[in-house]
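Visitor: First to last, the sequence lines map onto chains A and B. Number 336 in my numbering belongs to position 312 of the first sequence; there are no gaps in the numbering. Number 211 in my numbering belongs to position 181 of the second sequence; there are no gaps in the numbering.
Bear in mind the hints are in silico, worked out from the structure with no lab data behind them. Wrong hints could be hidden among the right ones.
Not the full set, but computed from the structure, chain B residues with beta-carbon under 7 Å of chain A [claimed, not checked]:
| no. | residue |
| --- | --- |
| 1 | Gly98 |
| 2 | Ala100 |
| 3 | Pro106 |
| 4 | Val111 |
| 5 | Pro112 |
| 6 | Val115 |
| 7 | His117 |
| 8 | Ser118 |
| 9 | His120 |
| 10 | Trp168 |
| 11 | Asp172 |
| 12 | Ser248 |
| 13 | Phe343 |
Partner residues aside, some chain B positions facing chain A, computed with beta carbon under 10 Å [unchecked claim]:
| no. | residue |
| --- | --- |
| 14 | Val86 |
| 15 | His95 |
| 16 | Pro96 |
| 17 | Thr104 |
| 18 | Ala105 |
| 19 | Gly110 |
| 20 | Trp113 |
| 21 | Trp121 |
| 22 | Gly190 |
| 23 | Thr228 |
| 24 | Glu301 |
| 25 | Glu304 |
| 26 | Arg350 |
| 27 | Ala352 |
| 28 | Ala354 |
A few chain A residues that don't get close to chain B, going by computed Cβ distances all over 10 Å [stated by the list, open to error]:
| no. | residue |
| --- | --- |
| 29 | Leu69 |
| 30 | Leu119 |
| 31 | Ala188 |
| 32 | Leu221 |
| 33 | Asp302 |
Beta carbons are placed, not taken as given, at the ideal position from N, Cα and C, and that holds for glycine.
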Amino acid sequence: MILVLSRKDDLAVNLVLPELAKRGVEALWWDPGDYPAESRIISRLVDGAWRHTLVTGGAEYDCSVFSAVWNRRPSRPRAADVVEDATHRGYVEKLARIYLNGWEDTFDTRWFPARSIDVIRTQNKLLNLTAAARLGFTVPETTVTNDPETLVEAWTEAEGRLIAKEVEFVEFGIDGAGHNFYTTPVSRRHLTSRHRLAHAPAILQPYVDKAVELRITVVGDRVFTAELHSQGSRATRHDYRHYEGNFSQYAVHDLPEDVERRCVDLVGSLGLAFGCIDVILTPEGEYVYLEVNPNGQWGWIEEFTDLPISEAIADWLVAGEVPA
Amino acid sequence: MTGFPETLAEAVELLRGLPRRREGVRAARESVAAWRAVRPGSRAQLVVDVRPGSPVVDYDLILDHPDGGAVALTAPAEDGVPWTVEHSTHWAASKVLAVDGQELSVQTALLTLRALAGRDRTVHDDLIDHCVLTLASWEEPDPSPEELQRASDDFRRRRGLHSRADMLRWLEEVGLTSAAYDNHLYSLARMRGFRTRTEAESAEAYFEEHAAEFDRVSAVWAVGPEPPLAELAGHDDPFAAIAGAVARPVGEIVVHVADRVAAEVPAPLREAGEGDAVGPVPYRDGFLFGAVRRRRLASPDPDTLAAAGRAAFSAFLADRRAKAKVEWYWL
């Protein structure tokens, strides 16, 4: 049996569940956001090992029945509605997070892509950029800083062709409305407010010219590469997250063998079973690594390219099942 | 007399105190105008840099230097806002609206406006319909090559894109690759397929339920300002009066002669009996005067069923619009 940890509106789960069913394997879809409000877990230390029992939806599951856990997009733990005091809610939810980290750590099975703490650790761009560089990927000359003067220096060194990125996506708002900091070409106007950089670090890289952008999805040792022709649209030219179906062209890309092998090695070396790697193919034919997202979205790639990613995920998940 | 260093220092303080939101720009201009009145020699001008997709604005102040030339000042203050937050964009900056979660980008909206522009509709209805149809046609089978070609021909004809050169120039103008254009056509063709199928499947039932709307009505009517229409209405024979207006114009009016189902003649004439004259009555942005020459009971012939299908589809869209959860991001 497979345990899927994800929130209930996660469309990607709906792509994989039918594939698991086709393979005759049952799955339990549980959102840790239901803990502790609507689910219970009993952990017993027996002969030096933990035995976990998950109680949810009126059923009880000995966690040893799960041959793999797909750690997709779980919600944060949530206190029951009846816990009204804000400090009590904070207390409950923090304890729940700490407990669930321990539960994951001592839950001995195959984790896809990895346990939460490892997902968070490896999606840090500082960590995965060095891992990629060590494996021989071409990576942009990168500066991560909150030093205001370095901003102007980096812009000068890049001859005015500098881009800035967030260290990681974090939610914030302006005047009550959500805002995003997309990959942004740094203009002279941006330099005039250099003092603001002191308040939070940013990633600075020379602009890398693109022929196409590649989204490389690694599942175990299988690699699915889609090319996104982001340069045809003004909306996606600098950051393809502005994509829209009709205006973005996708195709399957044939990755050179050495780059493909390096992608598998990168994901493996980070201790992951899955990763979405963003790479730029320059007009000169060079593959430039940008980042790996250990739990990136892939449903849209499958939809536009028919690459069988959900099948590969299902294959990985059921590989530990003992035949009946 | 104030020296230039003092003027500069004052200008910097002025800039640092200006409101940095779009709604504060008027107040900022007033502040600068008031300061310039005190320092006329500066010939100060405020330049407002309105960022797309952000409520934040930037300012520059241009001053004359006493020895000739200009000085441009910008002076963002320390307000504790991180650099990445300051230079962020609203999460919906590239979107116009969402209908039941189906979002519409600015780029698609612009194309849609040209594709759907109709007379009795608001732009807003057209954009909502685009989202409704995108959702509704999702399960439609892939369009055939003939359907795609027809969608392309219609699209190009409506825009006067008759040659390959015209087409390439237009693609460049709107920032589309030919592959993106094909994707757009694919969506249009699928929507058209959905529409054709819905009309065909619902025509008979709609006709049976609303037979009176499909009486065959032969009518003439004139549309224009009220005075010339009132003059026509003063005649005993409305048909002769309208015919006379064509021969001897009584002002700027538009005359229509039609033989259609009742649902597709102007609303004031839909229920009029044979020989009845109507108007002048308010109609669209003017007035209407007209008369029904002949009215025959509805029969389910192919033309009438086609009209019933169109009406059924309009009713479907109106129903979906009424029930949909619509979120306009910028209205």
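Visitor: If a hint holds in the structure, say so; if it does not, say that too.
Guide: Now the hints, each set against the structure:
no. : hint   : result
1   : Gly98  : violated (24 Å)
2   : Ala100 : violated (17 Å)
3   : Pro106 : holds (4 Å)
4   : Val111 : holds (6 Å)
5   : Pro112 : holds (4 Å)
6   : Val115 : holds (6 Å)
7   : His117 : holds (6 Å)
8   : Ser118 : holds (4 Å)
9   : His120 : holds (6 Å)
10  : Trp168 : violated (11 Å)
11  : Asp172 : violated (13 Å)
12  : Ser248 : violated (44 Å)
13  : Phe343 : violated (23 Å)
14  : Val86  : holds (7 Å)
15  : His95  : violated (20 Å)
16  : Pro96  : violated (24 Å)
17  : Thr104 : holds (5 Å)
18  : Ala105 : holds (8 Å)
19  : Gly110 : holds (7 Å)
20  : Trp113 : holds (4 Å)
21  : Trp121 : holds (4 Å)
22  : Gly190 : violated (22 Å)
23  : Thr228 : violated (22 Å)
24  : Glu301 : violated (43 Å)
25  : Glu304 : violated (50 Å)
26  : Arg350 : violated (21 Å)
27  : Ala352 : violated (25 Å)
28  : Ala354 : violated (19 Å)
29  : Leu69  : holds (45 Å)
30  : Leu119 : holds (31 Å)
31  : Ala188 : violated (7 Å)
32  : Leu221 : violated (4 Å)
33  : Asp302 : holds (19 Å)
Consistency note: the structure conflicts with the earlier hints numbered 1, 2, 10, 11, 12, 13, 15, 16, 22, 23, 24, 25, 26, 27, 28, 31 and 32.
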